[in-house]
Amino acid sequence: MNATSEVERETAGVAGRSAIVRAEGLTKQVSTPDHDLVIVRDVALDVRAGESVAIVGASGSGKSTLLGLLAGLDVPSAGRVWIDGEDLFAKDEDGRARLRGRLVGFVFQSFQLLPALTALENVMLPLELAGAADAAASAALVLGQVGLADRLGHYPRQLSGGEQQRVAVARAFATQPKLLFADEPTGNLDSATGAQVIELLFRMNRERGTTLVLVTHDEALAGRCDRRVGIAAGVVSA
Amino acid sequence: MKNFLIAMRMLRRNAHSGEAKVLAAALLVAVGSVTTVGFFADRVRGALDRQANELLGGDLAVISDHPLPQRFAARAAGDGLATAGTTTFPSMVSGPAGVSLSEIKAVGRAFPLRGRLRVADSPVAPDREAEGGPAPGTAWVAAPLVSRIGARVGETIRVGNASLAVAAVITREPDSVLDYFGLAPRLLMSEADLAATGLVQVGSRVTWRLLVAGEADAVARYDREMRPGLARGERIESVRDARSEVRVSLERAQRFLGLASLLSVVLASVAVALAARRFSLRQTDAAAMMRCLGAAQADIFAINAWQLLALAAAGCAAGTLAGYGAQAVLAHWLSGFFSVALPAPGVRPAAQGAVIGIVLVLGFTVPPLLRLRNVPTLRVLRSDVAVAEPSSLAAYALGLAALSGLIVWQAGDAKLGGLAIGGFALALGAAAAAGFALIRGLARLRSGATGPWRYGLANLRRRTGASLVQVMALGVGLMAMLLLTVVRTDLVVKWQKSMPADMPNRFAINIQSDQLPLVKGYFADLGLATPDLYPMVRGRLVAIGGRAVTPADYEDPRARRLAEREFNLSWAGTLRPDNRIVAGAWWKPGATEAQFSVEEGIAKTLSIRVGDTLAWDVAGSRFSAKVTSLRKVEWDSFKANFFVIASPGVLEAYPASWITSFHLPAGREEVVNRLVDRFPNVSVIDLTAIMGQVKRISDQVSRAVEFVFLFAIAAGIVVLFAAITATQDERVFEGAVMRTLGASRRQMVLTQLAEFLAIGLLAGLVAAAGAVGLAMVLSDRVLGVPYEFDWLVPVAGLLAGGAGVALAGLLGTRKAIDTPPLAAIRAVT
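Protein chains in written order, with the working numbering: chain A, 1 to 238; chain B, 1001 to 1829.
Treat the hints as calculated values from the structure; they're not laboratory data. Glycine included, every Cβ here is placed at the ideal spot set by N, Cα and C. A hint or two may mislead.
Facing chain B, from chain A, some residues (calculated, C-beta under 7 Å) [claimed, not checked]: (1) Ser-64; (2) Phe-89; (3) Arg-100; (4) Leu-114; (5) Ala-116; (6) Phe-202.
Straight-line distance between alpha carbons at most 25 Å, and here's what the computed DMTMM-like set of lysine to aspartate or glutamate pairs gives [to be verified]: (7) Lys-1002(B) / Asp-134(A); (8) Lys-1002(B) / Asp-94(A); (9) Lys-1626(B) / Glu-1600(B); (10) Lys-91(A) / Asp-1285(B).
Ranges of calculated distance between the beta carbons of each label pair, as one might list FRET restraints [claimed, not checked]: (11) Ser-1698(B) / Arg-157(A): 39 to 49 Å; (12) Asp-1729(B) / Glu-207(A): 54 to 64 Å; (13) Ala-1433(B) / Ser-77(A): 22 to 32 Å.
Can you make the complete structure from the sequences, with help from the hints?
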């Protein structure tokens, strides 16, 4: 609790600073044979550096689509997104990929580890893509921090679900991103394991000052965030 | 570099996947097939290069169809060059055990100027290097003469009117690289004994050579200065020229073997494309994740391309090794053709193999890899987001173009290359069309089938595309094998059977005009039919329609040779029944105007038309006459036939020898022995022996092609595995569902068996239909024998296809049967 209020103070102290994520008029619309379907409608959102934000909503409310748009994984029908002041959709696919490599980490519900790589190699991957010199040492260090120092050489299928998600968390933090997006990070885990992963996420967020944007329908998880953003039928309510 | 490291790391695991193995195996087969031929040809070429001047017996040879003027030897002596003369001609030789045709070579003591003869005391005794050639009064013989006529060392043999003592058996003769199984085995004698044989007469086919050797500069100068003064019938061959003829045959052989080897490359390309596509599908999620982690499109492409390249490199390396090993088999089978040892091959064929590998990899893996660049990053959140698929035909246009280029390159010219491309496309297209119809037809039977068989047939129909590819690839490979084995033997046997029992089996040549009544009488005395005797005058074609004939005017090597060589001209008053006029008209009885009738094939080769005036040089005098007809000749009547026949009154004044063919009943060899005894100048050629030799050569050559086509079968099997791999997940999932629903292992095996047995049988059917179709065309158009359907062809096709594919299919789908259901469902969903 202490730590959280520290972050709040810090956030309040930089209130004048520009948001690390800013969205304006963000809309995603898809065509179906019958009619046009609006999944995300005219969303405006500011996330400040160091803040933790939970996007909550029921299944099909558009929260994952919103996360995809904020991270530049998908292209909006209308609207703009800035990450750390850079206009995300003014860039091409490669430009967005580079920006993600530099600033953004991800944790997914389904872990998304590459089955062909060991735990260590999975964590090394973003470091190597960014051209880091000592990828193996840094990756081993982060894996140690998530309690997997003795699992470096294991392949994903040799790890339990909780262990896989810890590798994913380690991978997300390995490049020391300013911003971490998490999509239902505990969705595939039992409650005890899920709690461990949540603990881990917030500890890393705290220790490294990373901004956390997560999508969840886990109330316990949402409750630990600085701010909740509700979404229903593609419309955001603060 | 970073991409390479990531790729190698991912490959460690991905290399165990089915598609990686298929990709490497496809390249192994394709590269192995091409390098087998390449390495083999390289060895033969190496032998030719290494022994180039040995081949000639000197550094340069002046060759002539008449005794060489003294100036050639005198000039060489003046230039300080060593010389040796040789005289070669075919003739009969007789020994204690019989008579045989032999290729006689009379040589001086200095022969050979380059290389060494090796001789032994008997064909099985250890051999030794010989100094020079045989001494006067002696002969050295090739091994076949020892067995055929009993020409053992110490025995006396007769060559024409001369008796010679056999002094040695030749084990290696420098100036012959290609040894066509000793068709007319060599006899070496001293030139001092030549006159005593009495064999060098009018009409004999004699070649005189003056071998020259010495300092390279002096030899080059001699070549330069003597060449312009060459008369008709004289030519100079240098080391390079001497190689060229063997080289042309070698290159032609390599071209056809090479094209045969490309069939496996074409089939392998299908497997490569399937494997690369599967690889790309499996890397889709990894690619989306990497994009999410900041990888650029170029990184994704590079990481996956490096993996495929590494697999391809491994496949190419293994293929090159396989090719190196396989060429040894080829060399062993074809060793009968070469009288020299083949050196080790060079590295060029390996480079050629690498080119094949690169073409396959670039042409057929790039399109699926490019697809990965466009994987939507959103797939990390929603796995149902589809990837834009490139239109497959356009995507593989590059690969198909590269493959076509490869075929033209291997064929060596655009026309042959075009024919080969057309042939491949036609074979694959026809196989695909037939396969499609058959799959649809067979699938209809499924309602009549029970249990596992019905599911198997349902799978065949549902995976029509994959089934089709397998039927096509295996069908074409099997067809090639069927054609070479069952159908070829069948056709040869039928063709031989179609010949009349009393067909001539011996030619007698070199009969002199004054011997005609005696030879006729000889046959009559023995109670044999008097054979027809035809006159033969040797002449050189000097002009067609007023235009001088020079070899350089013709591109066709056969036309070149004809323009250079002497023709055998004949004359006749009436048209023979085995000749048919196809243009113009045969001369009327009693016509006095000089006329020629020309065989249509040679007329086409030399561009001779009815109405053209042909000018000839016979024994130094020239005459000319008009062509008034073209003839079609039944060459397989095995009677003496002529390219050019003159009307009566044109050639009678010139020196002629006579030729005849006759049927010698089995067991009457003494007829020939006594004929040769009485007329030593007459040579008898045993056609059955020649046909036996031709059959042996064709057997060995087709065995070599069969061997190369084994790679095509292997490529077909790789395609089968590629298709199985492409549907592996589906099969595993289906298997799991069936197991969950209570299917026994036996039922699951039967389901798979039904599908693969059907594919194999269909491939066998396609192969048999193709082989029968081609056999019909060959037998009708080429052999002129009515085709008789042989049940063995479809039976062999169905058995080989059904059993082979069923076995391979069961092996390939073991995983679908052995994976526990829960693990299977989890792995797929």
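Of the numbered hints stated previously, which ones are contradicted by the structure, given in increasing order? 2, 6, 11, 12, 13
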